[in-house]
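> Based on the provided sequences and hints, a complete structural model is requested.
These protein sequences, in sequence, are chains A and B.
Just so we're aligned, residue -13 is where the first sequence starts under the working numbering, counting upward by one.
Just so we're aligned, residue 99 is where the second sequence starts under the working numbering, counting upward by one.
Derived by calculation from the structure, the hints in this document are not laboratory data.
Any given hint might turn out to be false.
On the chain A side, residues computed to face chain B include the following (Cβ under 10 Å) [unchecked claim]:
no.: 1; residue: Glu(-8)
no.: 2; residue: Lys4
no.: 3; residue: Ala36
no.: 4; residue: Lys47
Everything numeric in this text was worked out from a predicted model, so none of it was measured.
C-beta atoms are modelled at their ideal positions from N, C-alpha and C, and glycine is treated no differently.
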Amino acid sequence: MASKEEIILMTKLALQDKKYARENKKLNSYFKWDYIYINNWSSRVAAGIAALIIIGWLVFKDIYMKEIIPIFEVELGRYLYKYIFFFIVLIVVYSGISTMVHKRKYQETQERLDEYQKIIRELDQYQYLKETREKDYNDTI
Amino acid sequence: MTPFNQMLHIRSEIISIYKKHQRIIAPILKFILITSVLLLISNSMGYAKILNKKSVIFITGLIGVFLPPRLIMLLFLLVTSAHSAAGSLGAGIIVFMLLIIVYLLFVRLYPEESLFIVATVLAFKFHIPYIIPLIAGLFSSFPALVALVIGIILWHCAPQLMVMMGEQSEDLVDIVDVIDSKITSLQTAFTSDQTLIANIIILSLVLLSVHIIKKQKIDFAEYMAIFIGTTINLIGFLIAIILFNVDMGVLSLILFTLICAIIAIVAQFFSKVVDYSRAESVQFEDDNNYYYVRVVPKINIESQSKRIHKNYTKEDIGGTSHEG
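Encoded structure:
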């Protein structure tokens, strides 16, 4: 039968497993910068879609309402320059924000895993001491 | 028992009732909140007849109970866009475009904080918008500021969108002209509305000040933060009313600010004990036994004041006088 201290330690481990096991396993399967890199790409795709919605509307409005057809009416490069600049700035800024967010998430996971390892070491140490005491007692008898 | 200890005792009673039935109460509260927001959308817009049916709202609310915050926000986005599109296709396209941009750029990264967008709109509806920067400053993080600003903009742009949706459905050929004119009128409303600008600046300042002061390592930092945030709110809006002719009643400002401050104080008072930890059941095994453990967080009824107890012996009191 486990002692009170062992039950407390095992319960702490079980609580962590219950709340965070899936998230911890998923994040810990990546190196830190791989995790940030992968999530940054999905963030860039999202920011790109948002930028394309805005740019798409503005270009469509120019073509439909002002009847400016970029290829024929104006030089294409000069016309698209401001939109490309906006697109790049949005992607860069959003990548920075996404890096900060995912870095913090990864750090929190590592702290939880460190805590988990600490509890396991404490439990191992406790069980080792318990076994040693039992062995000494048996030897004395 | 001192009055303060009586308050602590009442607090612990309420919280122990909540913790005992938390597994039932939490999903019910979530269902009530989600259904309230869906009913608010339905009552304010109500153009999509199928989404107005109580059974549809009920089932959608039930589905929302099992969804994470990000998907709940997506649900609200889709319902709002559907109502807008049913009223006016042009307005529907604008609303969908704007909300999907908000979802892609903000809700994806900060799903929990994005719930403050909906909370801000609800708070404006019930005339207590000042509660949001206080609660967000106390319990959330800086990204909640973005959610607050988005919520304020949505609330102030809503009347314009209602007017647009009330118009007759346009011919598809003219849809681009109509969308463009609607976006232009929204931009005009945004830049010329003094109340909107005052709300954004002052409520943002309140949130920032509450958040910064709360983090300081001083006694009662949270309550000081609420007091200072409330003061900034009152002074800011009084200046806005006097100098910039913002359309707001002084008496209602003072009354609702005080109500919001009281709500924030009560929320802070209960949060110290609740601490977001719940009663949990876990199970594990070793070589010999299975263990089924129920973990119940303790509720601290006593205040944090230090008491020094000193035990005196007879000798200390002066019993030595009788000794020979």
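> Now, for every hint given, state plainly whether the structure supports it.
Hints versus structure:
{"no.": "1", "hint": "Glu(-8)", "verdict": "8 Å, holds"}
{"no.": "2", "hint": "Lys4", "verdict": "6 Å, holds"}
{"no.": "3", "hint": "Ala36", "verdict": "4 Å, holds"}
{"no.": "4", "hint": "Lys47", "verdict": "6 Å, holds"}
Checked against the numbered hints above, the structure breaks none of them.
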